[in-house]
Amino acid sequence: MSAHFKGLRALICLAAAAVLITGVTASVLAESQADDDNRLDEAWKDAIGDQENILTEKQFAMLNNLAFQAAVTKVCEGFDLDQSKFAKAITDATTPLPNPDMSEEDIKVWETAVIMRLGATYGVLLAEGNTRPEKFCASAKDLKADKDVPNVWQ
Amino acid sequence: MALRLVSITASIVLALGFGFGSWAPAAAGNKGAAIAGGIIAGAAIGAAVSSSINQPKTVYVPVPVAAPPPPQWQQVFSPIPHMNCYPAQRACYNANGAYNANWTYKIYAR
Chain U
-12 MSAHFKGLRA
-2 LICLAAAAVL
8 ITGVTASVLA
18 ESQADDDNRL
28 DEAWKDAIGD
38 QENILTEKQF
48 AMLNNLAFQA
58 AVTKVCEGFD
68 LDQSKFAKAI
78 TDATTPLPNP
88 DMSEEDIKVW
98 ETAVIMRLGA
108 TYGVLLAEGN
118 TRPEKFCASA
128 KDLKADKDVP
138 NVWQ
Chain C
932 MALRLVSITA
942 SIVLALGFGF
952 GSWAPAAAGN
962 KGAAIAGGII
972 AGAAIGAAVS
982 SSINQPKTVY
992 VPVPVAAPPP
1002 PQWQQVFSPI
1012 PHMNCYPAQR
1022 ACYNANGAYN
1032 ANWTYKIYAR
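Order-wise, the sequence lines are chains U and C. Heads up: the first sequence begins at -12 in the numbering used here, then just goes up one per residue. Heads up: the second sequence begins at 932 in the numbering used here, then just goes up one per residue.
Watch out, some of these pointers could steer you wrong.
[As the list claims (entries may be wrong)] Straight-line distance between alpha carbons at most 30 Å, and here's what the computed DSS-like set of lysine-lysine pairs gives:
1. Lys131(U) - Lys45(U)
2. Lys32(U) - Lys61(U)
3. Lys134(U) - Lys75(U)
4. Lys131(U) - Lys1037(C)
5. Lys128(U) - Lys32(U)
6. Lys122(U) - Lys61(U)
7. Lys72(U) - Lys134(U)
8. Lys1037(C) - Lys61(U)
9. Lys45(U) - Lys75(U)
10. Lys1037(C) - Lys134(U)
11. Lys1037(C) - Lys122(U)
12. Lys122(U) - Lys72(U)
13. Lys75(U) - Lys61(U)
14. Lys75(U) - Lys1037(C)
15. Lys128(U) - Lys75(U)
16. Lys128(U) - Lys1037(C)
17. Lys75(U) - Lys131(U)
18. Lys45(U) - Lys1037(C)
19. Lys45(U) - Lys122(U)
20. Lys75(U) - Lys32(U)
21. Lys131(U) - Lys32(U)
22. Lys72(U) - Lys1037(C)
23. Lys45(U) - Lys61(U)
24. Lys134(U) - Lys61(U)
25. Lys32(U) - Lys1037(C)
26. Lys32(U) - Lys95(U)
27. Lys45(U) - Lys32(U)
Derived by calculation from the structure, the hints in this document are not laboratory data.
Could you put together the complete structure from these sequences and hints?
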């Protein structure tokens, strides 16, 4: 193989690498410039996307916030749950029952579904928090600083 | 070429038609003028027929149909700039950021 051909091949390899790097950089820039967020869309869809409406909209949101605060205590420094506040908030978030005439059996099934929902939400929020802990913990600080929004931290 | 022949024939027929049509009531002195006028009118109509035959067929472009709404799971709205709220999840997120408990509470739990 001639020296000229070797040089040409190296040049082609360099050019290919440059094209690849440019492409990757462009895609990263495009992603960072998008007005997206750190939500793990597909994970949420897989975890709770096909769940029935076992709670009201308000109850789901309250449960989300409780799961978030529980996840914050694992990801961020300086946050601890107040166990009594947390227990009361869980009760508040799951009261009243969706149907007051539910049988004991139905109530057990419903409670299991609620606990599974809380656990799934907690798990995905843990994943989001550990993926981008700075932003996750900054958001937790915003919650703690907002006196109009209840929290269950100490 | 066949179409052009048809159109030329049509223009001659029309010209003669116009010419004879105007010849009967016309005075003898106006006969030539009537025939000439008929030829001109027939030629004009023939040319118009010819040009319309040569026009490309009308292309019907389908009216664009509005894109269907995104699946419920992907629906998002912004109550304020830089805030994304997902109704299916009952949760809000900072744009380019994390879960936002403050706005989740304000939008869904208050």
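Results of checking the hints against the structure:
no.: 1; hint: Lys131(U) - Lys45(U); in the structure: 20 Å, holds
no.: 2; hint: Lys32(U) - Lys61(U); in the structure: 23 Å, holds
no.: 3; hint: Lys134(U) - Lys75(U); in the structure: 19 Å, holds
no.: 4; hint: Lys131(U) - Lys1037(C); in the structure: 15 Å, holds
no.: 5; hint: Lys128(U) - Lys32(U); in the structure: 27 Å, holds
no.: 6; hint: Lys122(U) - Lys61(U); in the structure: 15 Å, holds
no.: 7; hint: Lys72(U) - Lys134(U); in the structure: 16 Å, holds
no.: 8; hint: Lys1037(C) - Lys61(U); in the structure: 25 Å, holds
no.: 9; hint: Lys45(U) - Lys75(U); in the structure: 16 Å, holds
no.: 10; hint: Lys1037(C) - Lys134(U); in the structure: 12 Å, holds
no.: 11; hint: Lys1037(C) - Lys122(U); in the structure: 20 Å, holds
no.: 12; hint: Lys122(U) - Lys72(U); in the structure: 25 Å, holds
no.: 13; hint: Lys75(U) - Lys61(U); in the structure: 20 Å, holds
no.: 14; hint: Lys75(U) - Lys1037(C); in the structure: 20 Å, holds
no.: 15; hint: Lys128(U) - Lys75(U); in the structure: 22 Å, holds
no.: 16; hint: Lys128(U) - Lys1037(C); in the structure: 17 Å, holds
no.: 17; hint: Lys75(U) - Lys131(U); in the structure: 18 Å, holds
no.: 18; hint: Lys45(U) - Lys1037(C); in the structure: 10 Å, holds
no.: 19; hint: Lys45(U) - Lys122(U); in the structure: 25 Å, holds
no.: 20; hint: Lys75(U) - Lys32(U); in the structure: 29 Å, holds
no.: 21; hint: Lys131(U) - Lys32(U); in the structure: 28 Å, holds
no.: 22; hint: Lys72(U) - Lys1037(C); in the structure: 20 Å, holds
no.: 23; hint: Lys45(U) - Lys61(U); in the structure: 25 Å, holds
no.: 24; hint: Lys134(U) - Lys61(U); in the structure: 23 Å, holds
no.: 25; hint: Lys32(U) - Lys1037(C); in the structure: 23 Å, holds
no.: 26; hint: Lys32(U) - Lys95(U); in the structure: 25 Å, holds
no.: 27; hint: Lys45(U) - Lys32(U); in the structure: 19 Å, holds
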